[in-house]
Structures are given as structure tokens and as C-alpha cells.
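A.B. asks: This is what each chain is made of:
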Amino acid sequence: MSDYFDTLARLLRDRGVPDHRITATVDDLTAYAQESGADPEEEFGPVAEFAAQLGPEPEPETGGPAEGTWVWTADIFADEQRLNEFGDQGWEVEKVDRLGRFVSHRDPERAQRWEYRREVVLARGRSLTERLAPDGWEPCGTWFHYEYFKRPRAASVGPAAAIDSPPPAAGRQLFFSRRFYLLAVLLLVACVLAVVGAARTSGSEATGFTVGAVVGATAVIVALWLLSRRRDH
Amino acid sequence: MAADRRASWLKGVLDLLVLASLTEGESYGYEISKTLADAGLGQIKGGTLYPVLNRLEEAGLLATEFRVTERGPGRRYYRLTDLGRETLADQASRWLAFDESVRAVLTKGRAG
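Chain order of the listed sequences is A and B.
One point on numbering: in numbering that gives the first Met the number 0, the residue at position 15 of the first sequence is 14, and numbering is uninterrupted.
One point on numbering: in numbering that gives the first Met the number 0, the residue at position 86 of the second sequence is 85, and numbering is uninterrupted.
Simulated from the structure, these hints should not be mistaken for laboratory data.
Don't take every hint at face value.
[What the hints assert, rightly or not] Covered stretches of chain B, as calculated for chain A (at least 3 residues, CB under 8 Å):
(1) 20 to 34
(2) 69 to 75
(3) 87 to 99
[Claimed, not checked] Here are some chain A residues the structure puts well away from chain B; computed CB gaps all over 10 Å:
(4) Q33
(5) P107
(6) E146
Source: prediction; values computed, not measured.
Quick reminder that beta carbons are idealized off the backbone N, C-alpha and C, glycines included.
Assemble the whole structure, with the sequences as input and the hints as a guide.
C.D. replies: Encoded structure:
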């Protein structure tokens, strides 16, 4: 009996469980086994598996998302393509959070392919959802005037939608397209040119314009910074 | 197949059953297991019960106290926290509503 608990204590220590906690746990489990009269392995299962359930999850080495859930985002030029790319890898979007990120999950053991579409919604209502529902589409999130819909691929291809061995989750959370970066650069250049142009003129109007342009440029920079910060959340 | 399905049902509600078993007062692992077995839920092994107890404790739904005994190893006693009570009240009513829906559909299916 003690071999089982000795091994359990060692495995819990390896997983970073504090010593006082290990002592209390092993004592408690020993009392349980004595009272029930059961063999520890039969009662608690294989020691390595049991330790894995009791101890904290080890930190992922890659720093990537934990298998099972993933929060990510993409700009408006790339989101639909990315949604379908990751949907084909088994990621199901549960919602779009208030930062515009796709909160997704995937069951690694029973992954299913998903497909997505984005629609522009100018007036809130049920008509679009009702119109798409007969084809198997269901809403999975809203971002300003964009409504996202998902549909299990099983709706069209049946059991072939199952994924036997899903690929590893992507190691990042931010997917911006070239068009997005180009637009950002153009905005910055426009702001800089406006400031330079205003500086060459004189008078109070120019001063006001310069202040406005500086504020505008700062706003663009702050917006880009906030967007890039999303990867840290 | 029937046993597998029962295990699957239990998996979805075991945390609530554990919380519910502590409404009368504190208890320890083996006693909780016995309470649930006596209620007709079958034997719940320690390998299934303790990970659930750990999760509930980490979520702040249970508070624990380790007590050394005069004879033999000590035991960890579990009791409901205020948050645990609130969660139990909320989640139990949701489960019962779900159970009612399942019951209605199955009853209709059997009659048909």
C-alpha cells in the first residue's frame, strides 16, 4: 500500500504541489483506503493518472494555447478565411467577446470540422438568423454590424466531418492581413503629411489643424497598440 | 453500454452531488462516497471523487481542514462555503429544469 502512496507523493512533488499539501493529501487518501479496505490502485486508479488529476497542470512549453480552448482574433479582411481555416481544424467558435476575439474550443478526442460565414447586419432582428437556420447555420457572435454564423460540416458531409488527428493549435492569437497593415501605414503617412503641411503654413488655423492632426495620429498609434496588445490578454 | 452511460450521466452532475452531500455539515472523502452510494448512485471510487473535491476547493466552493487523528493518518474535512451554497442553489435548479425536460421527452417517447 505504501508503495502506491510513496509514488503518488513523488509524482505530486514533481508537479509542483507544496509539501504540506502532499502530506495532507497522502494521509487523507491512506485513511480512505484503510476505511474502505480497498487496494489503492483499484480505488484511485493508476498512480500516474491519479497524480495528474490531483496536481496542477504543468505550464505548456510552447506558450501556445491550451488544447481545448483558444481565444484569437483577425482583422475584417481576413476573419472569414481564418475562421474557415481553423474551423476545418476542428475549432468551434462559441462567441465573439467584447474585444472582438473569437472564443473557440475543440474537443481533441472528438474534433469535428466547422464552417463559417460573416453577414452584415444593419438592423437587429431575427430575420437573417431565421433565413439561415434551415441550412444549418446558427449565430456564434456579433461584432459591431457583423454577425458570424457557424455550421458543422457534418450537416453536409456526414461522418466524414470528424477529424481523427487534429493538427496542433496555432501558437499565436493574432492574425492580421497585409491589407490591414497597409491601411494602417497609409493612415500614419497621411497624418504625418498633414502635420508637415500644416507646419509650413502660419496662423491660428494652422495651429488648430496641427493639434488635430497630432491628436489623430496619436489615436491611430494608440489603436494599433491596443490591437497588438490583444495577443497578451 | 448501460454502465458506461450511467458513468457519463454521473460525470455531468457529480460536482453538484458532492456539494449537495455537504449541505448537512462537513464530511470527509470516504464518508461522502458512502453517502452517495447509499443514495443509490453506485460506488464512486476515490479516483473519481478526489479530483472533483480538488476542483471544487480550487473554485472556492469548498473549504477544507486537515485534522490529525489519534490513531492512523489524518483526514481532510470538507465543508460548503457561502459561494458553494449559492452555486449549488443555482446549478441544482438548472439541473432540475434540464431533468424535467429530459423526463418529458422520454415519457412521451415511451408512450408513443
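A.B. asks: With reference to the structure, classify each hint as holding or not holding.
C.D. replies: Outcome of the hint check:
For the stretch 20 to 34 of chain B, the proposed coverage by chain A is satisfied: 4 residues have a C-beta within less than 8 Å of a C-beta in that chain, meeting the threshold of three. Residues of the stretch 69 to 75 of chain B with a Cβ under 8 Å from some Cβ of chain A number 5, which satisfies the need for three, so the listed coverage holds. By the rule of at least three residues with a Cβ nearer than 8 Å to a Cβ of chain A, the coverage given for the stretch 87 to 99 of chain B is violated, with 0 such residues. Its closest Cβ contact with chain B, about 6 Å, brings Q33 (chain A) to no more than 10 Å, contrary to its assignment away from the interface.
Listed as outside the interface, P107 (chain A) is consistent with that label: its C-beta sits roughly 17 Å from the nearest C-beta of chain B, beyond the 10 Å cut-off. At roughly 28 Å from the closest C-beta of chain B, the C-beta of E146 (chain A) stays outside 10 Å, upholding its exclusion from the interface.
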